[in-house]
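Q: So you can see what is in the structure, the chains are spelled out below.
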Amino acid sequence: MTLNIDEEQDVSVTKGMIRAEFNFWVGIVMDKFYDGLQEKKFIGTKCSKCGKVFLPPRNRCGDCFAKAEDFIDLPETGILKNFTVTTYKISERKTRNVKKDQIVGLVQIDGADSAMVVPVININPEDLKIGMKLKVVWAKNIKGDPNDIAGFEPIGGV
Amino acid sequence: MANVQPAVISAGFCEHASKRSDVNMAELVNEAVEDCLNKAGSVEWKDIDYVINGNMPAFEGANMPELWMTDHMAAKNKPLLRVTTGGTTGGSVFVSGYYAVASGLYDMVLAVAFEQQSCGNTTVGLASVALGELSIYPSLGYEATRLRRNMGAGAAIGVASYQAMNYMRRSKATEEDLARVVVQNRRNAAKNWWTHLKMPTITIEDVLDTPYISYPLRFGMVCPASDGACAVLFTTEEKAKQIADVPVYINGVGSYANEPAIIGVDCGGAGQTDPCEQLGAVKSAELAYSQAGISFPNKEIDYAEVYSPFPNQELQWVERVGLFEPNSAPEAYLNGVTALNGEMPVNCSGGVNSTNAIGASAMERPAESALQIMGKAGNQVPKTVHTALGHGWGGAINLISHVVMADEPQRKFK
Amino acid sequence: MDKVAIVGFYQVKPGLDLMMSPYEMLFEATRGALDHAGLKRDDLSTVIGCNNDYYDGKTISNCFKVEAGGAYMKDESKVEMDGAHAVMYGLMRILSGNHKLAMVYGISAPSCFPYESVRILETDPTFDRPINLLNGYTAGGMQMRAYLNAFGLSEEDIAKVAVYNLKNAAKNPLAIPEAQKTNITVDEVLNSEMLSAPLKKLMYPILCDGVTALILAPERQARKITDKPVWITGVGHFNDTYYLGDRDLSSCSSMEKAAEKAYKIAGINNPKSEINVAELFGHTACEDLILAEAAGLADKGKGLSLIDTGKLNPSGGTMAGYTPAANGLTRIVEAVKQIRGEAEGHQISGANKAIASGQVGFCAQNNIVYVLEGGE
Ligand SMILES: [Zn+2]
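Residue numbers (the working numbering), protein chains in the order written: chain A, 1 to 158; chain B, 1 to 414; chain C, 1 to 376.
Extracted from the complex, chain A is given alone in its bound form:
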């Protein structure tokens, strides 16, 4: 850590960073989801009351406040519910304009009632259509975490 007092501006600037590591336990159902990713598989959960299927899984249904701990295998395909295209990358540290289009999609896997915010790849932004069919593309190196989802691409090209 370095300290730097800028007297001319009558303001003190503290530079340097304090490292604080955060490890989030993934929990009962996400643990299974992560395991599924390791095998290139989507595992969701089903509400024991209303039958809604969640992917990524949650262990409680917000509508019924009932357990959703029955696991269910889900396919690799889904539809694009919504999307946006941005050149900004916002990390926990800073906001950067990377000057490169990234497509962010809200993708609902077939058979699921929820959707996930994931990258959409291998398509030009102008060809995107809400409702289009997509299929997951797995990352080259599977590590058993959400970034194993390299993205979703249109089925059969555009």
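Derived from the structure by calculation, the hints contain no laboratory data. Quick caveat: nothing in here was measured; it's all calculated off a predicted structure. Every residue gets a Cβ at the ideal spot worked out from N, C-alpha and C, and that includes glycine. Wrong hints could be hidden among the right ones.
What the hints assert, rightly or not - Cβ pair distances, simulated, as ranges:
hint	chain 1	residue 1	chain 2	residue 2	range
1	C	Glu24	B	Phe296	39 to 49 angstroms
2	A	Ala150	B	Trp193	41 to 51 angstroms
3	A	Lys49	B	Gly375	30 to 40 angstroms
Based on the hints, put chains B and C with the ligand in the right spot on chain A.
A: Coordinates of chains B and C with the ligand only, in the frame set by chain A:
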């Protein structure tokens, strides 16, 4: 006196441990919420019309985590409020639960407080209570290399050791007196299902055998860092009578703020020069007692839970909130007055000294007091508890929460 | 609901960087609110603050705001959401009968922290945080697309709202100069930088440092303190689920429920005709419309018509300068000024019933709305 008489009808906990790595934060909170609802008789989650939550924000590195945890705390399509005040958070959430009912706006209020400390770095979190003002140090002539030591002083153990020194000077308490408090807490914790440090056979010698962390506090006297959550259900007097076997009425609340201790605003000096004086706690207690119609807390209160991560604080708080004469607490502990079967049992839950899921700790105090009145506490005292208090503190030992509860609504006090 | 009034208020003139310590800013606001109401600090019985440890870069930042916030030896607490949520807690404390005078303040200084980065910390740490695509920009972009698609509207329509907001800001002396654009055109908005398609930079508010404070009192005290009390006659507060995929982003169900509840308490049957002014906390120009529609001020998809009436965000709304943790309070204070007839430069004539709202979360997950009325 509040326009509507609030009452507690249920309190729930999850099992506390140093690492609840089996669940994520949302699932951890959910365990406490479910436990609370399961013990609330006919009340269903749909009946809840207001949800209040809080934790220590910077410890897990998650901002307003209740937003993504909504579905897990039964808060979808309900109002959800977040109240955080550092270590006092749980107590402040409890007090806001009281106000949500007392306002007459809502009549079934769920309050949730939690902490999953194993997710984050609590010491960095606590150090940053001081770090925000770090930049002033060089102008005061400090060398940058010495900053680390100051960070230690800013974190809770630093404040607590100053407090302990001040208390010991005033009361002539010894290290043995401090160790006695620890032994009582940890043995109590062993009999309470949800606690973290369970030590049924611990002795004063065991505690005194551990090395100093910061004189006069030894390793064996320091609270653990826990993962845990607590949930409490509040309702009106009318509904409580229908639902609960023993409704617990909240008759007084106080949450006075003092100036920060040790680390003043922009390091302009300490607001409190003696951190064991605690005017805020004294005034909060006075306000709560006056609302509850209590004139002699040392006689009228049957049970107390105070927030004491460190043993000297327990001695100090029981005096400041009016349960014992100044400087007399060590003797009371020696004579077993505060033990499970004593005249004024204190922290029979095991206290914060045995379990400290920081955001939840200050709510667990009134929650356990309420359970003692209901006769449903994990480590129930043998005598009947009519009136009990739950106390919490936080911030730079300048924020307080003080709750007085009884098995009768306040207007019926003789 | 018993009558509770806003009897005094103060907004520190916001700026991109106020070059003030948070305590100076806060003291100016709390002192200002007390002076405005003609009260002394001794008169206060409770103080509710609103700030956020992540915004302040400091754990338990509220514990250092005790003195400047006027809370020394007062029964105090802190809400960590929007300032409008803190007003709810203040209101509860007054309605309980335990307190007779409550100070509520909201403060943050975005010149000192990366707001968009801090919002990342709001996301689900088990999925959205590692993926790192959900943020303020992308959520705003998807929300706008959902809204445009649902009602067959164009980007130009939202640009019109942005123009309307920025022109309104030009008439508001407490808007930041960077947002006061008298001659802005729809084309300028459409040609501004793309944040996250279709959301453009000029449809997104500019962050600024600021503090807003107000004082609440029950009826008896309020009538003694001021000749122009503004009554809170209704309040509604609701929270939706976090998951964007579970929500219809073209509308806002938590705002609908909150407004419905607030109107019910206030006895308002026809918000369209009864409400003269709405100061709503929309995070984008598009969200302003979504919230206004959810509050029943216009039919769904027809929110754009409100800009012709001028009753939506006459101050410029969030687009006049956005101070996290204080913005909802600023909206309430702006609505209060309208009812008191004191909105210099942007007064709506004859305003006597207003709504003001605050929110937190992506795509307005958690909304709180107040009905404010003048007169007896
Ligand atoms: Zn369900």
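Q: When the structure is checked against the list of hints, which entries are broken? Sort them ascending.
A: The structure conflicts with no hint, since it agrees with every one listed earlier.
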